[in-house]
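Asks: So the sequences go chain by chain: A and B. Sequence positions in the first sequence follow this note's numbering and run 1 to 263. Sequence positions in the second sequence follow this note's numbering and run 1001 to 1519.
If you only want the chain B side, here are some residues facing chain A, beta carbon under 8 Å, derived: (1) GLU1130; (2) VAL1146; (3) PRO1149.
Here are the computed lysine to any residue pairs in the SDA-like style, where the Cα-Cα straight-line distance is at most 25 Å: (4) LYS115(A) <-> ARG1223(B); (5) LYS23(A) <-> GLU1130(B); (6) LYS23(A) <-> ALA1127(B); (7) LYS115(A) <-> ILE1228(B); (8) LYS1406(B) <-> ASP1449(B); (9) LYS1515(B) <-> ASN1485(B); (10) LYS1335(B) <-> SER1293(B); (11) LYS192(A) <-> GLY226(A); (12) LYS115(A) <-> SER1226(B); (13) LYS115(A) <-> GLY1221(B).
None of these hints come from the bench; they were simulated from the model. Glycine residues also receive a C-beta, built at the ideal position from the N, C-alpha and C atoms.
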Amino acid sequence: MSDTPALIAFAHVSKSFDGGRVKAVDDVSLEVAEGEFLAIVGGSGSGKTTLLRLANRLIDPDGGTITIAGEDIGEIDPIGLRRRIGYVFQSGGLFPHMSIAGNVGITPRLLGTPKPEIAARVDDLLDLVQLDRAQHRDRFPHELSGGQRQRVGVARALAANPRIVLMDEPFGALDPLTRDALGDDYRALHDKLGLTTVMITHDMTEALLLADRIAVMRAGRLLAQGTPHELSRSDDPYVGELLGTPRRQAERLQAVLPPGGAA
Amino acid sequence: MSLLSDPRWHEALGHLPDYLGNHVRVSVTALALGLAVSFPLALIARNRPVMRGVLLGLASIVQTVPGLALLALFYPLLLALASVSLQWFGLNFSAFGFLPAVLALALYSMLPVLRNTITGLQGVDPAITEAAQGVGMTPRQSLTMVELPLALPVIMAGIRTAAVWVIGTATLSTPIGQTSLGNYIFAGLQTQNWVFVLFGCVAAAILALVVDQLLALIETGLRLRSRIRVAVGIIGIAALVAATLVPALARAKSSYIVGAKTFTEQYVLAALIAQRLQAAGLSATTREGLGSSVIFDALESGDIDVYVDYSGTLWTNQFHRTGIKPRKELIDDLKTTLAQQNITLLGELGFENAYALVMPKQRADELNIHSITDLASHAGTMSIAGDYEIFSRPEWAGLQKVYGLKFRQQRQMQPDFMYAAVASGEVDVIAGYTSDGLIAKYGLTVLDDPKHAIPPYDAIVLLAPRRANDEKLRAALQPLLGKINIATMREANLRASGNDAQSSPTAVARWLWDKIWKK
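Whenever a hint applies, use it, and build me the whole structure from the sequences.
Replies: Below you can see the structure in the form of structure tokens.
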């Protein structure tokens, strides 16, 4: 992928907390090409969420530079930057006092889009994430199931037509069926809309099934990156361990479930 | 007579527009001011731990100051401020009534608003505020679109608490000259008119409930984004304010204000003066329950137009003179001193209401006590009760010095209760008033003052500087001068201390007038 110009590029990025005692991100360099779906996999405390938050300046790095479409984001207004980038939060992060329409239309509203336009856009987005517009538009987040809430979260992230979508463990809290369906649906959207997606997950299986490329992080450092195929050739023991789990699961499932059965 | 057909209910109702109106105005203004100050302060302080601690600490300290003391503190503070502002900027304002009440109550309202705004905002889930940032909100947008709406229930609860506190505490603003529903309570307590006390309490409670419910309506309206609820709530509060402003505006024309201190005789005399003014075609209202030093300043600055004071009180307390003069000389001297402040001493009413040491006649005879000199040798084993000011007045210091008085115990109580207390033996001696009708009623005796340690206390009518040349006023009050002797006043006071329909100050004042002119 190195021949296409990177849309997002981290160059020697570091970030520490608590006055330097905790190195959350340690000299990470990583590029994401336009149209690519990248999954960042790692355990808790690996620095994967910090890396994502650095990309839309929810936090600023201590060292290194981050560029988007060739532009150093340290030089541009963070508010404008965030409005241009879609962000899907861990458990939805929906505003509980706003209706679904209010949540989905928030970024266009901040950008000053006229009301009728926002309303039309909200309806389109609800269709896009496969929620019935008439049924959901005026409801409140607490009236929705977890899966529906996360669909709204995706719709909200897409509202201002971003080129880039950042997702922070978006499907982590969902039951397996919903999670699977939502993942597939999102991957379809990614392809259809020509998005560039960076998704955080601790689940290697999910990453393998959805992403074009996978980056593995541990203790703030980038251990490996590449397509599933490239990754499987890595000699890093931790990467091997991460890949071992889905492999074993696949083998065992194959043995347990007769092919073509009811499941 | 059944409780409900008591004509005092009707009288109480007659005062309602004035009392309630003033109460609403002072409470709403104080609440608005308190909100306007504490809300921005809370927003600034919420992310600054040191400032937050200091603010909440100060507000909590204010809260521990009793309401009445807080109100009382603002009066001298503003008085000093007013004289400074007059000197430096030529700006004069009244340190009496509305302003000190509003400032003290506003201060009182700050704690719940500060505390609830800060805790409400801090209670917003950090994941939500991060989402607000993530979708591209500026810090201000995050505050107004997300954090404040989510903290609203907690903030509104604080505002409602503040409203209820302010409305309740506003009843204590009567002694610093702000008319409020407290006028019922103070007047009722002074004249043992329990109908008034009850009426005042119930009215204040209903007002607090109504305002609380209107605020609750606004709160649910804001939360459910129901414009109708918000509108109804706001209209309700606006209507309340408007309804209380209308009668006030209608009768705001140069009406005369008659002041009264905090005891029964003053209520009766103020009612009498007001009745005389009304009979002369002048509109007059009374402002009762004013503290002894507040009332003189109020007259001097024109906040009240006329009131009755006592020569000895002014002599020792207002002008800090020592040395006792004969009655006539004292009056002449006062006349000149008061004239220097443009205050007119219109004349004496004819009786003296002196402080006097009073004890049961039987006990005095047994112990062979006839004068304060006789009392001095027994004082070490005796207890004495007095009103709220006597023991801090110069007369008391003089009395102690001249006779070498030293009591075992000093107690302060409501003037109307101390006669019963001494009669029942609860205390041995009281510092009573010579014009009090209860002296005769309880079989008490007034001890002689052979060394003349207590100055004369002729009741005198004082006019405010701006009424100095008011001929109509003078003419209306002339028939009272020299006409009320001590016996008449005692009887009037005795009547006023009863607890029935005929014992209201207005009724007694009418009786007094008849007694003076139709005997």
